[in-house]
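Line by line, the protein sequences are chains R and Y. One point on numbering: in UniProt numbering, the residue at position 214 of the first sequence is 214, and numbering is uninterrupted. One point on numbering: in UniProt numbering, the residue at position 174 of the second sequence is 174, and numbering is uninterrupted.
If you are wondering where the hints come from, they were derived from the structure by calculation, not from laboratory data.
Cross-link-like lysine-lysine pairs, in silico, BS3-like; alpha carbons within 25 Å at most:
| # | chain 1 | residue 1 | chain 2 | residue 2 |
| --- | --- | --- | --- | --- |
| 1 | R | K206 | R | K72 |
| 2 | Y | K179 | R | K268 |
| 3 | R | K206 | R | K193 |
| 4 | R | K26 | Y | K126 |
| 5 | R | K139 | R | K210 |
| 6 | Y | K126 | R | K243 |
| 7 | R | K272 | Y | K179 |
| 8 | R | K72 | R | K210 |
| 9 | Y | K98 | Y | K36 |
| 10 | R | K193 | R | K243 |
| 11 | R | K165 | R | K139 |
| 12 | R | K206 | R | K256 |
| 13 | Y | K98 | Y | K132 |
| 14 | R | K256 | R | K210 |
| 15 | Y | K126 | R | K23 |
| 16 | R | K72 | R | K256 |
| 17 | R | K256 | R | K243 |
| 18 | Y | K36 | R | K72 |
| 19 | R | K206 | R | K139 |
| 20 | Y | K98 | Y | K126 |
| 21 | R | K72 | Y | K98 |
Covered stretches of chain Y (in silico footprint by chain R; criterion: 3 or more residues with CB under 8 Å from a CB of chain R, positions within the stretch not fixed):
| # | region |
| --- | --- |
| 22 | 47-57 |
| 23 | 78-87 |
| 24 | 97-109 |
Just so it is clear, CB atoms sit at the ideal spot from N, CA and C, and this is done for glycine as well.
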Amino acid sequence: MSTSITNSRPICTYPIPVSIQSKLSKAGFLTTGSVVNLRPSELSSSAEISLEDAADVLDLVRKPNGLFLETKTALEILREEQGNCPIVTMSQNIDNLLNGGVPLSKVTEISGIAGVGKTQLCLQLCVTVQMPEECGGLKGHAVFIDTEGSFNASRLQDMSQACIKHCRNSMNLAAENWNFASITENIFVFRCKEVTELLSCVMILKEFLKTHDQVKLIVIDSLAFHFRHDMENAALRSRVLHKIAAELVRIAVELKLAVVVTNQMTTKFDSKGQGHLTPALGTSWGHAPTFRIILDWDPSRNFRWATLIKSSSLPPGSAPYQVRP
Amino acid sequence: MLDGGIPSGRLVEVFGEPGSGKTQLALQLTANTALKQQQTVCYLTTSDANAERILEIMHCLQEDADHLNGLERIHFCYVNDVYQLMEMLWAPGMREYKLVVIDSLATLFLPIRGDSFNDAISLLNKVASDLKRLAVVHQCVVLTVNHVSRGPAEGTASTPTPFLGRYWCSVPNLTLHSKHLSKDEFQLTVVKNIYSPDPGPKCSFRYFFRSRVDVKNEFKSIYPHI
Numbered sequence: 001m002s003t004s005i006t007n008s009r010p011i012c013t014y015p016i017p018v019s020i021q022s023k024l025s026k027a028g029f030l031t032t033g034s035v036v037n038l039r040p041s042e043l044s045s046s047a048e049i050s051l052e053d054a055a056d057v058l059d060l061v062r063k064p065n066g067l068f069l070e071t072k073t074a075l076e077i078l079r080e081e082q083g084n085c086p087i088v089t090m091s092q093n094i095d096n097l098l099n100g101g102v103p104l105s106k107v108t109e110i111s112g113i114a115g116v117g118k119t120q121l122c123l124q125l126c127v128t129v130q131m132p133e134e135c136g137g138l139k140g141h142a143v144f145i146d147t148e149g150s151f152n153a154s155r156l157q158d159m160s161q162a163c164i165k166h167c168r169n170s171m172n173l174a175a176e177n178w179n180f181a182s183i184t185e186n187i188f189v190f191r192c193k194e195v196t197e198l199l200s201c202v203m204i205l206k207e208f209l210k211t212h213d214q215v216k217l218i219v220i221d222s223l224a225f226h227f228r229h230d231m232e233n234a235a236l237r238s239r240v241l242h243k244i245a246a247e248l249v250r251i252a253v254e255l256k257l258a259v260v261v262t263n264q265m266t267t268k269f270d271s272k273g274q275g276h277l278t279p280a281l282g283t284s285w286g287h288a289p290t291f292r293i294i295l296d297w298d299p300s301r302n303f304r305w306a307t308l309i310k311s312s313s314l315p316p317g318s319a320p321y322q323v324r325p
Numbered sequence: 001m002l003d004g005g006i007p008s009g010r011l012v013e014v015f016g017e018p019g020s021g022k023t024q025l026a027l028q029l030t031a032n033t034a035l036k037q038q039q040t041v042c043y044l045t046t047s048d049a050n051a052e053r054i055l056e057i058m059h060c061l062q063e064d065a066d067h068l069n070g071l072e073r074i075h076f077c078y079v080n081d082v083y084q085l086m087e088m089l090w091a092p093g094m095r096e097y098k099l100v101v102i103d104s105l106a107t108l109f110l111p112i113r114g115d116s117f118n119d120a121i122s123l124l125n126k127v128a129s130d131l132k133r134l135a136v137v138h139q140c141v142v143l144t145v146n147h148v149s150r151g152p153a154e155g156t157a158s159t160p161t162p163f164l165g166r167y168w169c170s171v172p173n174l175t176l177h178s179k180h181l182s183k184d185e186f187q188l189t190v191v192k193n194i195y196s197p198d199p200g201p202k203c204s205f206r207y208f209f210r211s212r213v214d215v216k217n218e219f220k221s222i223y224p225h226i
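Next up, chain R with everything else stripped away, as it sits in the complex (with noise of 0.2 Å):
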């Protein structure tokens, strides 16, 4: 019964070139089941295509079927999911606003308008990712790729002297395993000077981390300005961008990493003529982050929060933070 169903399926549902797929069709091979009992010989000689072509569509024809995509049932994903820590940013309101922190699996994206401090949460996230497991961090890697040059070493020298006091307060940790020099060892700076450097740094993402699979946090500061610098085709735009995302989507959720994204903000008006500050980007890479946080500030009154507009599993909501030196 299961075979009949996977021999009327059509063949142009195969990730197929278009070429042959027309010169299959116009041979008039339309399913599988006219195509999976032939030898790559007898295929080619009769729709007139190479047998490397021809030994190519039988065996993307002949893989059984879902055994390539692993389905897992909701309870398994609980259990994986229970044993998963977030990254904490070091402030108290904006873990209790994630529900913990950065979660690990799933793309974040920090919006903001210029100056209000996203590199620095970044830097921040880079730090508390390398905490040791006793304090609460995940002793991971970082990956920080840098399109506006905004990497500030002596700041992330700041952050670490205060965060290893932190620890060592709390905790009582010695102080030989964890310290400046290994930080910065452990943070691995990628700078990309427009488009196609940081299309092809998020491309290749996947091998580095191969070879480095204790990185637990890969931050982009920021997405959004070779985007909006560059680019003067819409259509391409929107389609590397979108490229760039279902690539960074994927590589949270296979390797189970927390993936952070920095973002501008963008006018935008309405009926009235009023403007707004909205993320920028646009509507459709707005789907793409399964959490979205915007980051503002008031310079009069030195007050800042953090506003939660978009997440799968937790209510919108406001949390007030500082920034200390």
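Position chain Y against the provided structure of chain R, taking the given hints into account.
Frame of chain R, contents of chain Y only:
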């Protein structure tokens, strides 16, 4: 609003802006089908599989039911592109499911549209006919999640349009528009229902979130053997 629910054999679409509650609706339907109607559900997702949220919803629906068994009836699968989706739709195991959720269909088409536009339309055509075949032949409900397109300027009186184009608008039997009104309130509007004469009934409701810490502690106390 829907005259009692969604009968089987239908293709339903829910669309809306990001953060408007589409995934929440899909999770709610999934939890209800698995728990109360005790049927298996297949959830094809492009972004994430939120099992804890489903457990939360199940707790809200019925406190003392067998939640673990309900969770076992839900199968998640990550799909990264359209061909993987079609692979899943043609897999022989699909006939067993009573509810198939695709969250979200628009994300699968985002990387390919605009490039070779005719190819994108033909792929959409194939996906649409496969989904309809699944719904009608195997008598299950197929729920697809869609995005909103950047249509006319904000604030005009017309309703927002779903993302996948004019061809796709005629495919589902029931189309719902989801909107986030204020902090806790969401609104669902029926945009198209081929089985009902009056268009546009709305209903608003709230999604109920419990604090994650409570759920985790409760979970550990009820199911210590996990």
